[in-house]
Amino acid sequence: MSERKDITRRRVIKGGAAAAAAAGATPYFFTRAFADGHGYLNAPKGDTVTFGFNVPQTGPYADEGADELRAYELAVEHINAGGGGMLDTFSSKALTGGINGKTVKYVTGDTQTKSDAARASAKRMIENDGAIMITGGSSSGVAVAVQSLCQEAGVIFMAGLTHSNDTTGKDKRANGFRHFFNTEMTGAALAPVLKNQFGTDRTAYHLTADYNWGWSQEGSIQKYTEGLGWNTAAAVRTPLGAGDFSQYITPVLNSGADVLVLNHYGKDMVNSLTQAVQFGLRDKQVNGKDFGIVVPLYSRLMAQGAGENVKGIYGSTNWHWSLQDEGSKAFVKSFGTKYGFPPSQAAHTTYCQAILYADACQRAGTFKPSEVGKALEGFKFDGLGNGPTEYRAEDHQCFKDVLVVKGKENPSSKFDVLEVVEVTPRAQVEYDASLLGGELGPYNNG
Amino acid sequence: MDALFLQILNGLDKGGAYALIALGLTLVFGTLGVVNFAHGALFMLGAFCAVSVQRILSISYEQISETEKDFLGNPLKEQIPYLEGWLGADVSNWLQDYSVPISILVAIVFMSIVGIVMERGLIKHFYKRPHADQILVTFGLAIVLAEIVKHYYGANPIPQSAPDVVAGAANVGSWFGLGDGIVYPWWRLVYFVFSLCVISVVFAFLNFTTFGMVVRAGMQDRETVGLMGINIQKRFTIVFGVAAAVAGIAGAMYTPILPPDYHMGMDFLVLSFVVVVVGGMGSLGGAVLAGFLLGMVQSFAAMNEIKSIFPGIDQIIIYLVAIVILLTLPRGLLGRKGVMED
Chain L
188 MSERKDITRR RVIKGGAAAA AAAGATPYFF TRAFADGHGY LNAPKGDTVT FGFNVPQTGP
248 YADEGADELR AYELAVEHIN AGGGGMLDTF SSKALTGGIN GKTVKYVTGD TQTKSDAARA
308 SAKRMIENDG AIMITGGSSS GVAVAVQSLC QEAGVIFMAG LTHSNDTTGK DKRANGFRHF
368 FNTEMTGAAL APVLKNQFGT DRTAYHLTAD YNWGWSQEGS IQKYTEGLGW NTAAAVRTPL
428 GAGDFSQYIT PVLNSGADVL VLNHYGKDMV NSLTQAVQFG LRDKQVNGKD FGIVVPLYSR
488 LMAQGAGENV KGIYGSTNWH WSLQDEGSKA FVKSFGTKYG FPPSQAAHTT YCQAILYADA
548 CQRAGTFKPS EVGKALEGFK FDGLGNGPTE YRAEDHQCFK DVLVVKGKEN PSSKFDVLEV
608 VEVTPRAQVE YDASLLGGEL GPYNNG
Chain U
389 MDALFLQILN GLDKGGAYAL IALGLTLVFG TLGVVNFAHG ALFMLGAFCA VSVQRILSIS
449 YEQISETEKD FLGNPLKEQI PYLEGWLGAD VSNWLQDYSV PISILVAIVF MSIVGIVMER
509 GLIKHFYKRP HADQILVTFG LAIVLAEIVK HYYGANPIPQ SAPDVVAGAA NVGSWFGLGD
569 GIVYPWWRLV YFVFSLCVIS VVFAFLNFTT FGMVVRAGMQ DRETVGLMGI NIQKRFTIVF
629 GVAAAVAGIA GAMYTPILPP DYHMGMDFLV LSFVVVVVGG MGSLGGAVLA GFLLGMVQSF
689 AAMNEIKSIF PGIDQIIIYL VAIVILLTLP RGLLGRKGVM ED
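Heads up: the sequence lines are chains L and U, in that order. So in our numbering, spot 34 of the first sequence is number 221, and the numbers just go up one at a time. So in our numbering, spot 238 of the second sequence is number 626, and the numbers just go up one at a time.
In case anyone wonders, no lab produced these hints; they're calculated from the structure. Even glycine gets a Cβ: it sits at the ideal position worked out from N, Cα and C. Hints may contain errors.
[As the list claims (entries may be wrong)] Only some residues are given here: those of chain U computed to face chain L with a beta carbon under 10 Å:
#1 G399
#2 D458
#3 I501
#4 F656
#5 Q686
[Claimed, not checked] Derived PhoX-like pairs (lysine-lysine); straight-line CA-CA distance at most 25 Å:
#6 L:K301 with U:K457
#7 L:K410 with U:K695
#8 L:K595 with U:K457
#9 L:K520 with U:K538
#10 L:K516 with U:K457
#11 L:K525 with U:K538
#12 L:K601 with U:K465
#13 U:K695 with L:K525
#14 U:K538 with L:K601
#15 L:K498 with U:K695
#16 U:K538 with L:K593
#17 U:K457 with L:K601
#18 L:K595 with L:K498
#19 L:K520 with U:K457
#20 U:K465 with L:K498
#21 L:K280 with L:K498
#22 U:K465 with L:K516
#23 L:K595 with L:K471
#24 U:K457 with L:K525
#25 L:K593 with L:K520
#26 U:K465 with L:K595
[Said to hold, decoys possible] Far from chain L by the CB rule (all over 10 Å, computed), these chain U residues:
#27 D485
#28 D521
#29 G528
#30 I546
#31 W575
#32 V613
#33 L646
#34 N692
#35 L717
Excised from the complex, chain L in its bound form:
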């Protein structure tokens, strides 16, 4: 027996409203991919393919963003020429000029280091400019936000400078890949050096930027230093962009702590470190020991901002221009010749990401995200400045050696502010993929 349903005006209006809502809610990308008939979004037509470089062009990280953009331009030059820079030292020789017979062109967006602005510019590059891949950025908050957008849209996201565990941890996505290291790896790499430098009987005081990345770094450093036998006197959250940190530094003086860990990046790092040194912490003695300051994540561009205050201060970095392997030397030479100064770690990681994506497309023989992703998963390579490296399939995180650095005592130039004190081998910083949680989920081709 079937129930008869009368067609009433009310039902028609309800049905119409539901259909309209469904149409409105259907992502633009979804309909576009099917309309194209290629099975994936923004399949390149003609003889070009478009990359989307989403970097901070304004705001506090504009200088870092400018360096990323320089590196991307260089990478595009090398990809289209089929050689030059680190492409010559890269272990994969798949790229011989362009990708899959197409010349790479690019569009740029300004993240402003704000999640909403970064998503808007990425969306614009995908929808209006037909970008096949989005890459760049200088903030974990931005990386997580744009990665999520790219997953929804159905394009690959090759993250730029993002150090929080969450990017390839609880917020990881199948369409997202990170070359840069993370706070877990920083903790694992720094701990043995801190043990050698400061011993095992220490009390640490953390000043932490009060947002996603700061919490991630505080947790990782605390985990590894407490593993050494250190105590944590306090972990104090400071507002992002506080400027004057003196009210947070004065309590350190009488806390009994003998090591200050500054979980700050960028301008906050410059300011808190400068002020900590002004308060005499670098020259202080506590508990009969020399007081220590640690900046777990260094940026050479930012270290320049802190000037002489970085001298002797330990930290970690993803890459440094003074490395003497063939890849690093080739990159420094091509970048330095073109622009007149050495590249930053932000420039290095973004250059690598552009090359790695292009190479994966060439090896896959397509730009389809799921196929490109599979070509990147488990991909082992060398010659890009960090030694043997692997894009781990389980979380799309690159695993490679990590550099522990120290502010140089006698710099020979304004670029020469950090010295590499240890190259921590990959095996020492590798962790189980389940440690940081999250699910990659399936690829989205748009």
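We have chain L already, so just place chain U on it with the hints.
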């Protein structure tokens, strides 16, 4: 006890800076009735006077080194300051060491001119416009000035050093018989004393000079002063220049504490407005009092003992205090009747 002493010192130091920054803002409001959202940008411009002086003193010619190599392995181009050739290495080094104090003189002249040009070229057209228009135009000006500075100096902070003689930390504990463990940065102590001096000079200027007397009379009743044949507008223009100079020298002196960048003006803008509002719009004494009060409150709120009871209190305490004061004293601490009440 040691911790309390340090927080008091920190509160005074912060308060001095806040009072100094807010002083110029409230001076402009009190005389011209203009809500100047570009005041933070003037503070930033003053800081970049210090950067510029340091760069000018370091202008160099290149000399190819016979032994050193650059990062590409090419012969290093050594930078030799012209001053070294003209005046000798000792004088050149001394001038560079004292670039921040020297920049105070430059900032006074440059910022006075900037202030006068700003007032004559832009602000005067907005005297009779609503405060919302003044806020919009001065805020826009602040953005323009910040972007110009970013274009020429980049986005990253540029470190400035205090002279060697006041670098490092002073053993203030021993001064007060509290032991050797209590230290405080020399330059912050210098800044505190400097801010007290500038505040005193501005007060003396307004209270003990004929010029100041006329300005104060103009603040009370501009038309009556005008009817007495005094060109009060000209004096107000000079006051705007003085306010810009005060903001400028506050910024220049602040550079060893906070490496300046193009955005530092915006960072201080909201805070300086809170200080002015809490002190009472247009009240110089109020601005100074509120500056020290809020500096002290902010310093104590950052103590771990306080934060463990009220997590995050350090990030909102200034605004909480502002709300409480404005609820109990709607005109602020020393606000006058009739100001911004029409």
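Query raised in the report: Taking the minimum C-beta separation from L646 of chain U to chain L, is that value above 10 Å?
Result: With a cut-off of 10 Å, L646 of chain U comes too close to chain L, as the shortest Cβ separation is near 6 Å.
Report task. Would you check the hint for K520 of chain L and K538 of chain U, treating anything up to 25 Å between C-alpha atoms as holding? Result -> violated (28 Å)
Query - Interface exclusion of L717 of chain U relative to chain L, criterion Cβ beyond 10 Å - result: Holds, since 25 Å exceeds 10 Å.
Query raised in the report: Given the hint that K457 of chain U pairs with K601 of chain L, does the C-alpha gap stay at or below 25 Å?
Result: Given that 25 Å is the threshold and the Cα spacing comes to 14 Å, the pair holds.
Requested in this report: Below or equal to 25 Å on CA atoms is what counts here, so check K457 of chain U against K525 of chain L.
Outcome: Holds - the C-alpha atoms of K525 of chain L and K457 of chain U are around 18 Å apart, at most 25 Å.
Requested in this report: Grab the minimum C-beta distance from I501 of chain U to chain L and call the hint holds if it beats 10 Å, violated otherwise.
Outcome: violated (28 Å)
Query raised in the report: Keeping to a limit of 25 Å between CA atoms, is the pair of K538 of chain U and K601 of chain L held or broken?
Result: holds (20 Å)
**Report entry** Given as non-interface: D521 of chain U, which should sit over 10 Å from chain L by C-beta
**Finding:** Fine: 26 Å to the nearest Cβ keeps D521 of chain U off the interface.
Query raised in the report: Hey, does I546 of chain U actually stay past 10 Å from chain L on C-beta?
Result: violated (7 Å)
Requested in this report: For the pair we were handed, K595 of chain L and K471 of chain L, check the Cα-Cα distance against 25 Å.
Outcome: holds (20 Å)
Query raised in the report: Under the criterion that the straight-line Cα-Cα distance not exceed 25 Å, is the pair K465 of chain U, K595 of chain L satisfied?
Result: holds (21 Å)
Report task. Please settle this one: W575 of chain U was flagged as non-interface, so is its CB more than 10 Å from every CB on chain L? Result -> Violated, because the least Cβ-Cβ distance between W575 of chain U and chain L comes to about 7 Å, which does not exceed 10 Å.
Against the hints set out earlier in the document, violations occur for numbers 3, 6, 9, 13, 15, 16, 21, 30, 31, 33 and 34.
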